[in-house]
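If you're matching them up, the sequences are chains U and H in order. By numbering that gives the first Met the number 0, the letter at position 17 of the first sequence is numbered 16, and the numbering carries on one by one without gaps. By numbering that gives the first Met the number 0, the letter at position 42 of the second sequence is numbered 41, and the numbering carries on one by one without gaps.
Just so you know, the hints here were simulated from the structure itself, not pulled from any lab data. A couple of the hints might just be wrong.
A pair counts as met if it fits within one copy or between any two copies, since identical chains are not told apart.
To be verified - Lysine to aspartate or glutamate pairs mimicking DMTMM-like chemistry, simulated, CA-CA at most 25 Å apart: (1) 51 to 32; (2) 99 to 166; (3) 60 to 180; (4) 51 to 180; (5) 51 to 179; (6) 60 to 101; (7) 51 to 94; (8) 96 to 32; (9) 99 to 17; (10) 60 to 149; (11) 27 to 76; (12) 51 to 187; (13) 96 to 166; (14) 60 to 187; (15) 96 to 5.
Protein chains: 2
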Amino acid sequence: MPPSTETLTAERILEATEEVLRRHGPAKATVVDVARALGVSHGSVYRHFRTKAALRAAVTKRWLDRTSQTLSAIAADATRAPQTRLRDWLAALFEAKRRKADDDPELFATYMVLTGETGDVVDEHLADLTGQLTRIIEAGVASGAFTAPDPRAAARAVFHATGRFHDPGYHRVWQRQGVEDDFTAVVDLLLRGLRAPS
Amino acid sequence: MPPSTETLTAERILEATEEVLRRHGPAKATVVDVARALGVSHGSVYRHFRTKAALRAAVTKRWLDRTSQTLSAIAADATRAPQTRLRDWLAALFEAKRRKADDDPELFATYMVLTGETGDVVDEHLADLTGQLTRIIEAGVASGAFTAPDPRAAARAVFHATGRFHDPGYHRVWQRQGVEDDFTAVVDLLLRGLRAPS
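With the rest of the complex left out, here is chain U (with noise of 0.2 Å):
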């Protein structure tokens, strides 16, 4: 690719850097390939990234973030009543993940090798995506529909027990015959959970 005229920026070299990522394959992806792509010299992007761990932390923490900021929106949509909330939320993450193994396979193995080398990225994705079903709950017990003494505790059950459902070690179940029915009755049996007593 030619030297390009456009600043080099963060973002730019994310981009350039999960194409690459997408094309070699994370075992064989290097820093060189990425500058390449981008026209310039490795310098240019150490001078963003300082280690090629570093670059690659970023650009899985991207990917990840992708997910968590369509379901933010979700979460803190006060229009919808806390159960409606927290079922479309769930349903959503599903369908995050499971259109990144479908859509996109390549990449998608890509960043199941990333994720398994960048401990921390993934510890704070996990946390941010608690963090928005612990609020989703807390609007639950404010309005009195849910009954739950530690919110954040019912948010990590919560995400423990739909683990089958988005966590990407299970991607090949999510291609099978009736696993929306074995959502849904997971789901079904969680929501009764916290409901209140009436």
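Following the hints, put chain H in place on chain U, whose structure we already have.
This is chain H only, laid out in the frame that chain U set:
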């Protein structure tokens, strides 16, 4: 090993197969290794198990059955209240899987490979376990402790919702600090979901 004078039973072959798998790993273990360990010809092994695949499936089934048998006693124990029975059963499942992973990591890794190649055996095992769960939930519905219009579907949901605590793919999580609390939080939530309205 010298030729044995004991009768060559399927059980003896399976014992030897497990030992060979433990020693050589799933990729390298052969029927000839098993025959040699028993001091018999490989033809004698093939009289009991017609193919290498059949032998691997049988040894996997035996390994999985060890878990189901322990659990079936709890599922059938009418002296425990259904809520206690459900909790004890899930705790025993978690404990059995965790013990297998901790006590003999090589054999556990071997069986993770074998379960990946013997889909039918695994499906039967999962059907057996959810069948046991169904009977516990039916007992709870009969006693008035649980509400579940479809106990089989509820059992499936409980099994899926607790995957983090029995699916071998999570074996690394089982070592973490706090995993017991996570387990208890999920089970508490599920039990509240099953509880009949008072």
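Verification of the hints:
no. : hint      : in the structure
1   : 51 to 32  : within (12 Å within a copy, 46 Å between copies)
2   : 99 to 166 : both (12 Å within a copy, 23 Å between copies)
3   : 60 to 180 : neither (31 Å within a copy, 28 Å between copies)
4   : 51 to 180 : neither (42 Å within a copy, 37 Å between copies)
5   : 51 to 179 : neither (39 Å within a copy, 37 Å between copies)
6   : 60 to 101 : within (20 Å within a copy, 32 Å between copies)
7   : 51 to 94  : neither (31 Å within a copy, 40 Å between copies)
8   : 96 to 32  : neither (28 Å within a copy, 44 Å between copies)
9   : 99 to 17  : within (14 Å within a copy, 39 Å between copies)
10  : 60 to 149 : neither (29 Å within a copy, 41 Å between copies)
11  : 27 to 76  : neither (42 Å within a copy, 56 Å between copies)
12  : 51 to 187 : neither (44 Å within a copy, 44 Å between copies)
13  : 96 to 166 : both (8 Å within a copy, 20 Å between copies)
14  : 60 to 187 : neither (31 Å within a copy, 33 Å between copies)
15  : 96 to 5   : neither (33 Å within a copy, 55 Å between copies)
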